[in-house]
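Undergrad: Single-letter residue listing:
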Amino acid sequence: MSTAIEQLAPEQTISTSRPAAVIERSSLWQQSIKKLRRNRTAMLGFIFIIVMFAACFIAPLFSPYASGKVNLAVMNQAPSAAHWLGTDHLGRDVLTRLLQAGRISLTVGLVSMILSVVIGTVLGAIASYYRGIVDQIIMRIADLLMTIPNLPLLFIIGAILSEWKVPTEYRLYIVMLMLSVVGWPGLARLVRGELLSLRERDFMQAAEALGLNDRRKLFTHLLPNIFPLLIVVATLSIGGAIISESTLSYFGLGVMPPTPTWGNMIDAANTLIDFEKRPWLWIPPGLAIFATVIAINLFGDGLRDALDPKQERR
Amino acid sequence: MSTYVIRRIIYMLLTLLGASMLIFFLYALTPGDYVDNNMNMTEQRKAELREIYGLNKPLVERYTAWLGNVLEGDFGYSLQHQKPIMTLFNHYIWNSFLLAAVSTFLTWFIAVVAGVLCAYKSQSIFDKSVTIFIFAAMSIPSFFIGLFFIKLFAVDAGILPPGGMITTGSNAEGWDYVLEVAEHMVLPVLIVTLLGTGSLTRYFRSHMLEAMKQDYVRTARAKGLKERVVLYRHALRNAMLPAITLIGFELPTLFGGSIVIEKIFNWPGIGQLYMQSFTMRDYPLLMGFTMLLAILTVIGTFISDLLYRLADPRVRL
Numbered sequence: 001m002s003t004a005i006e007q008l009a010p011e012q013t014i015s016t017s018r019p020a021a022v023i024e025r026s027s028l029w030q031q032s033i034k035k036l037r038r039n040r041t042a043m044l045g046f047i048f049i050i051v052m053f054a055a056c057f058i059a060p061l062f063s064p065y066a067s068g069k070v071n072l073a074v075m076n077q078a079p080s081a082a083h084w085l086g087t088d089h090l091g092r093d094v095l096t097r098l099l100q101a102g103r104i105s106l107t108v109g110l111v112s113m114i115l116s117v118v119i120g121t122v123l124g125a126i127a128s129y130y131r132g133i134v135d136q137i138i139m140r141i142a143d144l145l146m147t148i149p150n151l152p153l154l155f156i157i158g159a160i161l162s163e164w165k166v167p168t169e170y171r172l173y174i175v176m177l178m179l180s181v182v183g184w185p186g187l188a189r190l191v192r193g194e195l196l197s198l199r200e201r202d203f204m205q206a207a208e209a210l211g212l213n214d215r216r217k218l219f220t221h222l223l224p225n226i227f228p229l230l231i232v233v234a235t236l237s238i239g240g241a242i243i244s245e246s247t248l249s250y251f252g253l254g255v256m257p258p259t260p261t262w263g264n265m266i267d268a269a270n271t272l273i274d275f276e277k278r279p280w281l282w283i284p285p286g287l288a289i290f291a292t293v294i295a296i297n298l299f300g301d302g303l304r305d306a307l308d309p310k311q312e313r314r
Numbered sequence: 315m316s317t318y319v320i321r322r323i324i325y326m327l328l329t330l331l332g333a334s335m336l337i338f339f340l341y342a343l344t345p346g347d348y349v350d351n352n353m354n355m356t357e358q359r360k361a362e363l364r365e366i367y368g369l370n371k372p373l374v375e376r377y378t379a380w381l382g383n384v385l386e387g388d389f390g391y392s393l394q395h396q397k398p399i400m401t402l403f404n405h406y407i408w409n410s411f412l413l414a415a416v417s418t419f420l421t422w423f424i425a426v427v428a429g430v431l432c433a434y435k436s437q438s439i440f441d442k443s444v445t446i447f448i449f450a451a452m453s454i455p456s457f458f459i460g461l462f463f464i465k466l467f468a469v470d471a472g473i474l475p476p477g478g479m480i481t482t483g484s485n486a487e488g489w490d491y492v493l494e495v496a497e498h499m500v501l502p503v504l505i506v507t508l509l510g511t512g513s514l515t516r517y518f519r520s521h522m523l524e525a526m527k528q529d530y531v532r533t534a535r536a537k538g539l540k541e542r543v544v545l546y547r548h549a550l551r552n553a554m555l556p557a558i559t560l561i562g563f564e565l566p567t568l569f570g571g572s573i574v575i576e577k578i579f580n581w582p583g584i585g586q587l588y589m590q591s592f593t594m595r596d597y598p599l600l601m602g603f604t605m606l607l608a609i610l611t612v613i614g615t616f617i618s619d620l621l622y623r624l625a626d627p628r629v630r631l
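Residue numbers (the numbering used here), protein chains in the order written: chain X, 1 to 314; chain G, 315 to 631.
Worth double-checking, as some hints may not be accurate.
Here are the simulated EDC-like cross-link-like pairs (lysine to aspartate or glutamate), alpha carbons at most 16 Å apart as the crow flies [unchecked claim]:
1) G:K435 <-> G:E524
2) G:K465 <-> X:D135
3) G:K465 <-> X:D267
4) G:K435 <-> G:E541
Think of the hints as simulated: they come from the structure by calculation, not from any bench. Here the structure is a predicted model, which is why all the values come from computation and not from measurement.
Start from the sequences, fold in the hints, and give me the full structure.
TA: Structure below.
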């Protein structure tokens, strides 16, 4: 009996110490990343996004047509060995232009996402933390912005900006701002709701009892808990921003030529002859939007599964 | 319940008041008006017109006058069409409604059936291909797929009309007219339905999966009920409950038109009317339409909340 216990004891210490060492090495984040890397569709989406970014930001540097010079000798040519996606009415190479447009579209998507996440999180956090009148003011403004559906609201702002005769080279930055004006109310609502429920939890009462100051409570205890959710929502909203930007630019209320974006390249479809006879002008940018956004959505979905398994799929 | 409803209505009116201010000042602060558009007019004539339309009055006065009229159901007078805006809305809204009603019905029908089947045969090939389709539908810009389908089916194949509601110059009547409109509706309805089923199918699928894990489904199976009855009468009914809230949100879609699709397909709906007014700077019409959207959205949200409370008494708002 006693020998049995003696034999067991060292084994027990080993068996408890071993898993402990393993757990120490894998944090929650590492586990999530591991889970994400096992998700094949999500990784496929991720690789595609990387390739798309690389193609748009690096490939035009090696293109012989990168200057975008007008060359009337080769205008409106169908795809060929020299011009893989043909040329437009000014003799510019469509493939090079497509990649240059991708730079703008991807940047707009990324920057406007960051802006709306920052605004939404800050305002949502302030509203939930201070409550009372501050909460009322912030959330009523959010409600007000949400009474008008996104697309008409974007059209209105776009049209007003056209009236203010904003120089076309600044339109790009303004479109980013517009998208975040439309994007933040939903995010602020989400963040506020999450934080309101978190602050009732035991660990926040403990933080209260420890007498921590507001800054520490907010930044080291509350906000880290919504990071997984924020990362998922942020990723998925890049896709939405790219689609909104392209819709606006297609209708001439977003980023304007000569700055190319995928949206305003599809504008070629508004000319009957280009629409019917020169599909290489407007189909590639549409497919580029489609492929990029689907990759972002697949990746975002994988992130959701990895980071937030309890989160309800919407 | 009644205090809740009253509180909710008061809040709704306040929101709309705020929205009316937002909308009015957005447009009023925009430089350039309808009169500016006309190059042929002399300065004197422009001033006269501004006097007639009241464009030279102080902002606050114009706002209160406009709001007063809106409260009486008068959205003003379209400068471009020279008709009361309510008459225009009344004319165009039904074209939008026709398109939206057919596609909303199809969307919901397909989404419910596909969602149930996917949840029932979860992880099957059918489920996986539907999931791929859902992602595709959520990732494609509606204007592009619209253009692409016009190119494919109308220009290249020539089997469907490229746009409009009737063939230009046609004066078909009776049954012929119905057929003609139906033919023109195929493409826009197809696209709205395709794009709409994506997220809705996903919604039903996840709620069905949740419902099928519940004990009452096991009980129903244990009682020896037919699988169909278990699925549709026991699981689906419970899964549909949260979907009730979505019905209210369909309100702006049904009556507010679809700006992008109507524009692409040249459908004479209210969204198309709206897009035309942008280039003409027909601000009374633009303000009226935006206000209409705000009203529909706010009422839709209200209906959703009420339905949710009625359907699920456990919910305390």
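Undergrad: Which numbered conditions among the earlier hints are violated in the structure presented, ordered from lowest to highest?
TA: Number 2 - this is the single hint that the structure violates.
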